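**Student:** Modelling step: build the complete structure from the supplied sequences, incorporating the hints.
Each protein sequence line maps, in turn, to chains A and B.
Here my numbering is used: the first residue of the first sequence is -12, the next is one more, and so on.
Here my numbering is used: the first residue of the second sequence is -12, the next is one more, and so on.
I should point out that these hints are in silico values taken from the structure, not numbers from a laboratory.
Fair warning: there could be bad hints in the mix.
To be verified - Under the rule of at most 25 angstroms between Cα atoms (straight-line distance), these lysine-lysine pairs were calculated in the DSS-like manner:
{"hint": "1", "chain 1": "A", "residue 1": "85", "chain 2": "A", "residue 2": "75"}
{"hint": "2", "chain 1": "B", "residue 1": "75", "chain 2": "A", "residue 2": "14"}
{"hint": "3", "chain 1": "B", "residue 1": "95", "chain 2": "A", "residue 2": "14"}
{"hint": "4", "chain 1": "A", "residue 1": "14", "chain 2": "B", "residue 2": "85"}
{"hint": "5", "chain 1": "A", "residue 1": "75", "chain 2": "B", "residue 2": "14"}
{"hint": "6", "chain 1": "B", "residue 1": "85", "chain 2": "B", "residue 2": "95"}
{"hint": "7", "chain 1": "A", "residue 1": "95", "chain 2": "A", "residue 2": "75"}
{"hint": "8", "chain 1": "B", "residue 1": "85", "chain 2": "B", "residue 2": "75"}
{"hint": "9", "chain 1": "B", "residue 1": "75", "chain 2": "B", "residue 2": "95"}
{"hint": "10", "chain 1": "A", "residue 1": "95", "chain 2": "B", "residue 2": "14"}
{"hint": "11", "chain 1": "A", "residue 1": "95", "chain 2": "A", "residue 2": "85"}
{"hint": "12", "chain 1": "A", "residue 1": "85", "chain 2": "B", "residue 2": "14"}
This structure is a prediction, so every number in the text was calculated from the model and none was measured.
Here is how the chains run, residue by residue.
Number of protein chains: 2
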Amino acid sequence: MSESNQPASSLTVADLQQRIQEMFGHKDQQRGVDGTFMWFMEEVGELAAALRTRDREELLGEFADVLAWLVTLANLTDIDLEEAVYHKYCVGCPRCRKPVCECQMSAKP
Amino acid sequence: MSESNQPASSLTVADLQQRIQEMFGHKDQQRGVDGTFMWFMEEVGELAAALRTRDREELLGEFADVLAWLVTLANLTDIDLEEAVYHKYCVGCPRCRKPVCECQMSAKP
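**Tutor:** Here's what the structure looks like:
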């Protein structure tokens, strides 16, 4: 699936959150939540463009950016993103609780 | 950091992506990228509200939701999210390449 010649990584959500904190935390604290949310939204817009063109290199970069900024927001608000997503999504569908979701298509998971 | 009484999870980004695929992939394929992006944006809006109130339970849920929908978009576009974020963010700052970013505050990472 990956076009890189790097070996497959094994990156936990917690590791990613820690790496982002170490790399950017000093700047993120200065900027604060609101300013960081602006950057996050800028990247979301760029992701939308990449989703429209389906340019693979752009998609790779923009997905990475959106995830990194989401993790940054979690750092700034003391949210453990791995715990949050594990508890909501790794014990079955949040709504129907099934391992393969059986909710109606119109329902919000 | 976590208030849950569950043991700490060890969830790779790749595992999360696979779990979301198994749980929701059949519905996601039906809905497609554009409809999925709409759900993603709805959750981003809810995250913005939670960031405003700083209600902890809301933050946990909305961070989980935004991440899950981002992963869903990656599934629909055949993007390996772990590879994408690893290669861009786990080998130093994408711009200055330093392990602790030295870019100017105004620069876009």
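**Student:** Give a verdict on every hint.
**Tutor:** A quick look at each hint next to the structure:
1. For the given pair, residue 85 of chain A sits about 12 angstroms from residue 75 of chain A by alpha-carbon distance, which is consistent with the 25 angstroms threshold.
2. Our distance criterion of 25 angstroms between C-alpha atoms is met by residue 75 of chain B and residue 14 of chain A, whose separation comes to about 18 angstroms.
3. A C-alpha spacing of about 12 angstroms is found between residue 95 of chain B and residue 14 of chain A, which places the hinted pair at or below 25 angstroms, so the restraint holds.
4. A C-alpha spacing of about 14 angstroms is found between residue 14 of chain A and residue 85 of chain B, which places the hinted pair at or below 25 angstroms, so the restraint holds.
5. Restraint check for residue 75 of chain A and residue 14 of chain B: satisfied, since their Cα atoms lie roughly 18 angstroms apart, inside the 25 angstroms limit.
6. Only pairs whose Cα atoms come within 25 angstroms are accepted, and residue 85 of chain B paired with residue 95 of chain B is accepted, the gap being roughly 15 angstroms.
7. Proposed proximity of residue 95 of chain A and residue 75 of chain A is supported: the alpha carbons are some 14 angstroms apart, at most 25 angstroms.
8. Restraint check: the Cα-Cα separation between residue 85 of chain B and residue 75 of chain B comes to about 12 angstroms, which is no more than 25 angstroms; the hinted pair holds.
9. Pair hint residue 75 of chain B plus residue 95 of chain B holds up; C-alpha atoms about 14 angstroms apart against a cutoff of 25 angstroms.
10. Taking the CA atoms of residue 95 of chain A and residue 14 of chain B, the gap is about 12 angstroms. The hint holds against a cut of 25 angstroms.
11. Distance restraint check for residue 95 of chain A and residue 85 of chain A: the Cα-Cα separation of roughly 15 angstroms lies within the 25 angstroms cut-off, and the hinted pair is therefore satisfied.
12. Note on residue 85 of chain A and residue 14 of chain B: the hinted pairing holds, with a Cα-Cα distance of about 14 angstroms set against a maximum of 25 angstroms.
Of the numbered hints listed earlier, not one is contradicted by the structure.
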